[in-house]
Amino acid sequence: MSTVGDIALKVRSKNAGPFWLTVDIFCGTPDAYAQISGALQSATVAAALKVDVEELKRFDLADLNVVKFSAPRPAIQGTREDRDMHGASFAVLIASLTL
Amino acid sequence: MVRVLIPSGALGLGYDRAALARGIAMKPDVIAIDGGSTDSGPHYLGTGTSKYSRNSTKAEWRELMAARAEAGVPLVIGTAGTCGADSAVDWLLDITREIAAETGARLKIAVLKSGQPADALKAALAAGRIAPLAPAGALDPALLDNCTNIVALAGVEQITAALDTGADIVIAGRTTDTAIIAALPIQRGCHPGGAWHGAKIGECGALATTHPNSGTILIDFDETGFTMQPMGEGVRATPHTVSAHMLYENSDPIRLYEPGGYLDVSQAIYTATDARSVRVEGSTWVPGPYTVKLEGARRSGFQTVSIALVRDARYVENIRAWCDDIVTKCTAKANARVEGEFGIELRIIGLDATLGALDTAAQAGTEVGVMGIVTAQTEALSMEVAKMLNPYLLHHPLSEEEEMPTFAFPFSPPEMPRGAIHEFCLNHILTLDDPMDAFRIDVIEVGA
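If you read the protein sequences in the order shown, they are chains A and B.
Counted from 1, the first sequence has number 4 at position 4 by my numbering; the numbering is strictly sequential.
Counted from 1, the second sequence has number 389 at position 389 by my numbering; the numbering is strictly sequential.
One or more of the hints may lead you astray.
[Said to hold, decoys possible] Beyond 10 Å from chain A on every Cβ pair, some chain B residues (computed):
(1) Ala123
(2) Asp140
(3) Glu345
(4) Phe424
[What the hints assert, rightly or not] Which chain B residues face chain A? A few, computed with CB under 8 Å, are given here:
(5) Pro42
(6) Glu249
(7) Asn427
Simulated from the structure, these hints should not be mistaken for lab results.
Cβ atoms here follow ideal geometry from the backbone N, Cα and C, with glycine treated the same way.
All chains should be modelled from the sequences, with the hints used to inform the complete structure.
Put into structure tokens, the structure is as follows:
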């Protein structure tokens with residue numbers, strides 16, 4: 001079984017303002033894009049980030065071979081509960097999802 | 001055509017001097033640089049201070065001021081001093097005055113302030129002029145009084161007004177990252193979709209190129225779109241590096257909301273004009289109500305941090321139980337001995353300190369760090385409880401039937417006060433009749 005990280009070139013997560021997190025899956029090739037875009041379920045991503053799937057935004061960008069997800073941050077940036085000021089580590093959760 | 005030179009993604013980050021010199025030789029109409037964002041966290045807006053060192057800021061700003069004098073065009077900085085609060089604008093103005101005094105420069109400086117008094121916002125809230133953005137809810141007026149700083153994000157109209165004073169330098173408080181770049185092209189009649197789109201591509205300097213750290217880029221705006229070219233030697237912009245930048249720190253890669261409308265890039269066409277430049281056409285600006293985004297930060301307590309290191313294999317193996325037991329026992333002891341609310345948290349560095357409960361694959365190695373975080377409403381209480389936590393981190397046994405263990409501490413004293421902590425607490429927009437209603441411009445002459 002392959003993970004998203006095995007197939008994609010790179011998975012990046014960043015803040016999109018203090019209240020949102022965004023994860024960019026750079027698939028690298030049309031084949032990898034088709035595989036990830038086709039098999040990666042939004043519900044799986046939402047569960048990994050522990051957010052409601054209704055709150056998850058998804059963009060399948062074939063021109064860029066990118067699948068992008070944005071979600072309200074699990075903890076607002078910089079609050080007591082936040083552990084990652086720049087949201088950089090959430091990419092690992094998505095990269096480790098099995099397809 | 002309007003030519004905008006962007007020295008780097010932010011003042012204080014550094015840039016390639018040869019690339020900047022090449023850009024100046026290309027005779028730009030304006031030099032625009034960003035001074036901050038929320039990405040560094042709530043401390044800076046909460047305290048109205050800059051993240052970057054004063055000396056680094058001054059060294060780079062001095063070079064940009066010299067480049068501006070050589071080019072003979074305005075230099076614009078947005079979100080001065082990391083957060084764009086009024087005090088951060090004053091901080092950069094003070095640095096600018098120092099440089100002008102040292103170099104004997106005569107300058108006209110337009111200072112654009114974005115700070116928002118709580119009372120004015122309470123009146124706007126009562127008048128139905130403040131609305132929440134997802135995932136925020138309705139705004140409680142009391143929250144406005146609790147903010148130590150509130151800013152509104154200026155757009156192109158306010159930057160244009162500042163440029164219209166004939167200033168050599170515009171020092172702006174909080175603006176959108178794009179406004180400082182898009183202002184002059186829009187004022188001079190360039191394609192509005194192209195202006196906003198090019199500004200978004202350029203706001204991080206060379207991040208939308210093959211060499212993100214090379215800093216300087218040049219964007220030519222015209223009636224149908226824009227052309228972006230990097231100034232660094234051997235650096236290339238490609239249709240992929242440029243189009244992929246719409247993803248960067250954006251929750252929506254297609255629509256970008258700005259004061260007075262939104263940019264839609266769904267129909268944008270990216271073409272390589274040569275081996276290193278990219279032409280973009282087809283993006284649209286969709287005008288809407290004139291709203292500006294608000295940002296606010298409030299103090300949320302005081303923290304004291306301690307770090308203990310655990311290397312004993314049996315303790316590493318049982319680290320979670322050890323930490324849970326310490327939190328329970330120390331909380332009970334502190335409750336009996338202090339007045340006031342406090343919270344004790346132990347994060348296990350080397351296990352799941354980064355992702356917490358989201359990390360289902362966490363695995364400890366040969367050692368872990370235990371970071372004790374005590375949060376309270378006063379600094380004294382946070383230190384007092386942190387001192388009660390120390391004996392546990394130093395000697396707490398896994399069972400009663402064993403010799404007293406001792407763990408490693410890298411410092412004496414082990415308690416590190418973090419001072420006041422802050423949090424972002426506004427995610428709302430304010431409707432304005434006139435873009436200047438919530439902003440102020442002062443014109444200052446120095447060296448005259």
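Against the structure, the hints:
no. : hint   : result
1   : Ala123 : holds, 25 Å
2   : Asp140 : holds, 16 Å
3   : Glu345 : violated, 8 Å
4   : Phe424 : violated, 4 Å
5   : Pro42  : holds, 4 Å
6   : Glu249 : holds, 5 Å
7   : Asn427 : holds, 5 Å
When each numbered hint is compared with the structure, violations occur for hints 3 and 4.
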